[in-house]
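The hints should help you fit chain B onto chain A, whose structure is shown.
As they're listed, the protein sequences go chains A and B.
Residue numbers for the first sequence follow this note's numbering, beginning at 1 and rising by one.
Residue numbers for the second sequence follow this note's numbering, beginning at 1 and rising by one.
Everything labelled a hint here was simulated from the structure, so no lab data went into it.
Note that the Cβ used here is the ideal one computed from N, Cα and C, for glycine as well.
Hints are supplied without guarantee of correctness; some may be wrong.
Among the chain B residues that face chain A by a calculated CB cut under 10 angstroms, a handful are [said to hold, decoys possible]:
{"#": "1", "residue": "R35"}
{"#": "2", "residue": "I37"}
{"#": "3", "residue": "E47"}
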Amino acid sequence: MQLLQKFKRGNSKKSLSKGHANYAYTIARVRAMKSKLLPKETYPRLMNMSIDEITRFIEESEYKEDIDQLARQYEGVDLIEHALNRNLAETFTKLLYISEGDVNFLIGEKLKKYDIWNIKTILRGKYCNASTEEILDAIVAGGRLNYSSLSELAAKATYEDVISELANTEYYPILENYDGTNLSEIENKLDKMYYTGLFDAVGGSKSKDRKLFEEFTRMGIDLKNLITLFRLKKSGITDPEAMDLMIDGGLRCNLKETGKLLPLSFADFVSELESNPYWDVISDIVKPDMTSLVDVETRLKNHRLKSAASFSHVYPNSIVPIMDYMLSKQNEISNLRIIIRGKAANLEDDVIKEQLVI
Amino acid sequence: MATETVALMGNEGLKAIGAGLAVGLTGLASAIAERDIGSAAVGAMAENESLFGKGLILTVIPETIVIFGLVVALLIS
Numbered sequence: 001m002q003l004l005q006k007f008k009r010g011n012s013k014k015s016l017s018k019g020h021a022n023y024a025y026t027i028a029r030v031r032a033m034k035s036k037l038l039p040k041e042t043y044p045r046l047m048n049m050s051i052d053e054i055t056r057f058i059e060e061s062e063y064k065e066d067i068d069q070l071a072r073q074y075e076g077v078d079l080i081e082h083a084l085n086r087n088l089a090e091t092f093t094k095l096l097y098i099s100e101g102d103v104n105f106l107i108g109e110k111l112k113k114y115d116i117w118n119i120k121t122i123l124r125g126k127y128c129n130a131s132t133e134e135i136l137d138a139i140v141a142g143g144r145l146n147y148s149s150l151s152e153l154a155a156k157a158t159y160e161d162v163i164s165e166l167a168n169t170e171y172y173p174i175l176e177n178y179d180g181t182n183l184s185e186i187e188n189k190l191d192k193m194y195y196t197g198l199f200d201a202v203g204g205s206k207s208k209d210r211k212l213f214e215e216f217t218r219m220g221i222d223l224k225n226l227i228t229l230f231r232l233k234k235s236g237i238t239d240p241e242a243m244d245l246m247i248d249g250g251l252r253c254n255l256k257e258t259g260k261l262l263p264l265s266f267a268d269f270v271s272e273l274e275s276n277p278y279w280d281v282i283s284d285i286v287k288p289d290m291t292s293l294v295d296v297e298t299r300l301k302n303h304r305l306k307s308a309a310s311f312s313h314v315y316p317n318s319i320v321p322i323m324d325y326m327l328s329k330q331n332e333i334s335n336l337r338i339i340i341r342g343k344a345a346n347l348e349d350d351v352i353k354e355q356l357v358i
Numbered sequence: 001m002a003t004e005t006v007a008l009m010g011n012e013g014l015k016a017i018g019a020g021l022a023v024g025l026t027g028l029a030s031a032i033a034e035r036d037i038g039s040a041a042v043g044a045m046a047e048n049e050s051l052f053g054k055g056l057i058l059t060v061i062p063e064t065i066v067i068f069g070l071v072v073a074l075l076i077s
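The following block holds chain A by itself, in its conformation from the complex:
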């Protein structure tokens, strides 16, 4: 069975994978890592704690090493924030270290999101003349570009130096068009390149697990587009140029249908949404007179997490359980960050709870 899947997977056009793919080893390890994530019941407990108590709680969990390492540099909320970022980066690079061959290639493609994120952060930093330390504070070295090479990039004096340093990377053809003013256009192109890369990595393969991976990715695009659309509509934007923000390749909604929704007012948009495949997920909270989009975004993110978990059970010996873990880990980090930042800003518990994706 496995040999058959391996044969079907074949070598996709862009696949640079070499050697034996250790699916069994990586997936078992990742599942064990997933079992160490904070359970749902922890979040209500964290809500009742003060920031110091949360720090102590986190220090006793999987984040101990990160807190210990950073305790000399930072304190309070900043300490937790940096420890969380460091842990995320360490966890994802660990996934790259423990995987081989095909698995490693696919994880690397998925983690390009962080490489792109970091390049964008550095360019933004240079754009607003931020110091090297400030840029490094915002970096999450979770991809193939490691922390030391990113530090070197951040230390460059101008954006031209940063781009010329990246001349040998695949990002260069896009970055070379940056003239110091069109940052958002370059950022959009980089994001689209990430998805194109993911599709190329899966492209042409007939194996069931790759198809699931493709579906998983395309569903993420659907939900991302839907969230972007909600934000655009809420701010009253009807400009057709906003279609540039949408990502092509969705699973159940194509760009043409999305484009039809763009010129509508918020009330019309909501009534049109009733025919949307994801309407069931958000039907009870979407109203024409809604003021906040937090509920919708939380619900859609939650739907994504749930479907990732069910995807990972459909074909357990594939890349999907690893993607499910990555998503759950990101969500844990984002939840913890919401709680500590909310506590630090003296927000009410109900407001913080609304933001959590559990």
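Just chain B now, kept in the frame of chain A:
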């Protein structure tokens, strides 16, 4: 030619070949099954040492295949 060789070998020879095949092929089958289970067990153990016992038991379960092969070989010979 083949018929002559078989005739020369007699029943004992054929039985020995059968027994060898039974043990050899089931040994290969066990190895293939244990490869993935073993690597998965090591992966899980790397994260959580307390899984050693469970990992060990699951890894040796395909050994039953080769034991059946051995029983068949003993019955043949």
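- Message: Is the interface hint satisfied for I37 (chain B)? The criterion is a beta-carbon contact with chain A at less than 10 angstroms.
- Response: 7 angstroms, holds
- Query: Any CB of chain A closer than 10 angstroms to the CB of R35 (chain B)?
  - Reply: 8 angstroms, holds
- Query: Does the CB of E47 (chain B) sit less than 10 angstroms away from some CB of chain A?
  - Reply: At about 4 angstroms, which falls below the 10 angstroms cut-off, the nearest Cβ of chain A leaves the hint on E47 (chain B) intact, so it holds.
In this structure, every one of the numbered hints holds.
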